[in-house]
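In our numbering, each residue's number is its place in the sequence shown (first place is 1) plus 3.
These aren't lab readings, by the way, just hints derived from the structure by calculation.
Don't take every hint at face value.
Claimed, not checked - Result set (DSBU-like, lysine-lysine): computed pairs, CA atoms no more than 30 Å apart in a straight line:
id, residue 1, residue 2
1, K121, K220
2, K28, K121
3, K41, K220
4, K121, K41
5, K220, K28
6, K41, K28
To be verified - With beta-carbon atoms standing in for the labels, derived distance ranges:
id, residue 1, residue 2, range
7, N197, E81, 22 to 30 Å
8, H29, C202, 44 to 52 Å
9, C129, E81, 17 to 25 Å
10, A78, L199, 37 to 45 Å
We treat Cβ as the ideally placed atom computed from N, Cα and C, and that holds for glycine.
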Amino acid sequence: MPVTTRNKKSLPRIAGPDRWDEWSKHLASRPGLPPPWKRISAGRRSPLSWSCPPNADSASAHGLLGNLERWMRAAQLETADVARELEPWLRSAGRCTADVDFALECLGWSYLLPTLAKVLPAAPWCEVLDCLIGLSAAKPDTQTTHEPLVSQLLTGELPWTLADQFPELPRCRALSRAAGRRLSAGVRELLADNGLPHCRHVDQVRPLLACWTRCLKL
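Could you put the whole structure together from the sequences, leaning on the hints where they help?
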């Protein structure tokens with residue numbers, strides 16, 4: 004499954020975040036790579052909402068994750084609105100316990116990163132990218148009851164999405180191989196030989212299928 008269909012020979016000539024003006028202009032104009040929420044048809048909401056039951060009134064829908072989904076649909080983002088959510092999130096990202104809401108927030112930021120280059124300076128934009136790459140390699144807290152799902156989201160789908168979003172950056176492109184292994188291992192470990200979920204994971208079937216479907220779509 005290719006991460007991108009663009010010509011790899013052109014990638015080394017593209018400036019990275021260390022040459023911010025060129026990089027931000029490139030992200031605004033690069034052809035052939037619509038954002039994930041446009042390639043993964045999900046109706047009026049983003050595909051991240053697939054993890055929630057259709058009749059659920061989740062608090063996260065009205066918090067950061069809800070804002071991230073609204074920004075995906077917005078014609079233009081306001082720097083102040085983004086900074087108001089991003090600054091406290093970055094301060095707490097390294098300390099908070101990894102759970103499903105946090106993992107979905109990470110995915111939301113990864114979806115929006117190319118767009119955020121239009122409204123953020125280089126330093127906070129690069130800090131978000133570094134944070135997400137670091138979380139991709141970290142092991143979720145094994146004490147959480149959602150550990151299998153969180154592991155698939157943070158160490159499988161998140162690095163897979165970053166590799167898809169930024170194939171120009173070697174350290175993002177390199178994430179795809181390990182991410183593919185973790186996602187494949189998750190399918191083998193969390194499903195029985197007949198393809199059905201083990202009983203201990205039956206309550207996570209919907210969000211797991213959502214995770215794997217988004218990855219296949221990308």
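How the hints compare with the structure:
The suggested pairing of K121 with K220 holds, with an alpha-carbon distance near 26 Å, which does not exceed 30 Å. A distance of roughly 8 Å separates the Cα atoms of K28 and K121; the hinted pair therefore holds under the 30 Å criterion. With a CA separation close to 11 Å, the supplied pair K41 and K220 stays within the 30 Å bound. Taking the CA atoms of K121 and K41, the gap is about 19 Å. The hint holds against a cut of 30 Å.
For the suggested pair K220 and K28, the alpha carbons sit about 27 Å apart, so the restraint of at most 30 Å is met. Of the pairs offered as hints, the one joining K41 and K28 holds, with about 21 Å between alpha carbons and a cut-off of 30 Å not exceeded. Here the CB-CB span from N197 to E81 is close to 50 Å, at odds with the stated 22 to 30 Å. A hinted range of 44 to 52 Å holds for the C-beta pair H29 and C202, which are about 49 Å apart.
Restraint check, C129 to E81: a C-beta distance of roughly 21 Å satisfies the suggested window 17 to 25 Å. Distance hint check: the CB atoms of A78 and L199 are about 44 Å apart, consistent with the given range 37 to 45 Å.
Taken one by one, the earlier hints fail for this structure only at number 7.
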